[in-house]
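Here the sequence shown stands for residues 1 to 48, where the numbers follow the working numbering.
Be careful, since some hints might not be right.
Stated by the list, open to error - Only pairs whose alpha carbons sit at most 27 Å apart, straight line, appear in this in silico DSS-like list of lysine-lysine:
1) Lys2 with Lys35
2) Lys17 with Lys2
3) Lys17 with Lys35
4) Lys38 with Lys17
5) Lys2 with Lys38
What the hints assert, rightly or not - Label-pair ranges, simulated between beta-carbon atoms:
6) Glu34 with Gly3: 16 to 24 Å
7) Asp37 with Leu11: 32 to 40 Å
8) Leu48 with Ala20: 30 to 38 Å
9) Leu48 with Leu4: 39 to 47 Å
10) Ile14 with Leu42: 17 to 25 Å
11) Ser6 with Arg43: 31 to 39 Å
12) Glu34 with Lys2: 14 to 22 Å
13) Asp44 with Ala20: 31 to 39 Å
14) Lys2 with Ala39: 17 to 25 Å
15) Arg12 with Gly47: 30 to 38 Å
16) Pro13 with Gly47: 21 to 29 Å
17) Asp44 with Tyr21: 30 to 38 Å
18) Arg43 with Leu16: 30 to 38 Å
It should be emphasised that the hints constitute simulated quantities derived from the structure, not laboratory data. By construction, the Cβ of each residue, glycine as well, lies at the ideal position given by its N, Cα and C atoms.
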Amino acid sequence: PKGLISMLDLLRPIYLKTAAYGHFGRTEASFSWEKTDKAELLRDAAGL
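Construct all of the structure, not just a fragment, from the sequences and the given hints.
See the structure below:
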């Protein structure tokens, strides 16, 4: 869990932005959990 918290920078107070209209599909750089930069690496690791 600590690695995920660090990688996604989840300790920042960023949740106010998601209080209205949610967060799905938004492209603001501050929504670190929306990044897909590790998708290919994870696919390869899973053998997909």
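Evaluation of the provided hints:
1. Lys2 with Lys35: Holds - the C-alpha atoms of Lys35 and Lys2 are around 18 Å apart, at most 27 Å.
2. Lys17 with Lys2: 23 Å, holds
3. Lys17 with Lys35: 16 Å, holds
4. Lys38 with Lys17: 24 Å, holds
5. Lys2 with Lys38: Holds, at roughly 17 Å.
6. Glu34 with Gly3: 16 to 24 Å: 18 Å, holds
7. Asp37 with Leu11: 32 to 40 Å: 20 Å, violated
8. Leu48 with Ala20: 30 to 38 Å: For Ala20 against Leu48, whose Cβ atoms are near 35 Å apart, the range 30 to 38 Å holds.
9. Leu48 with Leu4: 39 to 47 Å: About 21 Å separates the Cβ atoms of Leu48 and Leu4, which means 39 to 47 Å is violated.
10. Ile14 with Leu42: 17 to 25 Å: 23 Å, holds
11. Ser6 with Arg43: 31 to 39 Å: 22 Å, violated
12. Glu34 with Lys2: 14 to 22 Å: Since Glu34 and Lys2 have Cβ atoms about 21 Å apart, the given range 14 to 22 Å holds.
13. Asp44 with Ala20: 31 to 39 Å: Holds - the Cβ-Cβ distance for Asp44 and Ala20, about 37 Å, lies within 31 to 39 Å.
14. Lys2 with Ala39: 17 to 25 Å: About 22 Å separates the Cβ atoms of Lys2 and Ala39, which means 17 to 25 Å holds.
15. Arg12 with Gly47: 30 to 38 Å: For Gly47 against Arg12, whose Cβ atoms are near 34 Å apart, the range 30 to 38 Å holds.
16. Pro13 with Gly47: 21 to 29 Å: Violated, since Pro13 and Gly47 (Cβ atoms, about 38 Å apart) do not stay within the stated range.
17. Asp44 with Tyr21: 30 to 38 Å: Given a distance of about 34 Å, which is inside 30 to 38 Å, the answer is holds.
18. Arg43 with Leu16: 30 to 38 Å: 33 Å, holds
The structure is inconsistent with the numbered hints 7, 9, 11, 16, although it conforms to all the rest.
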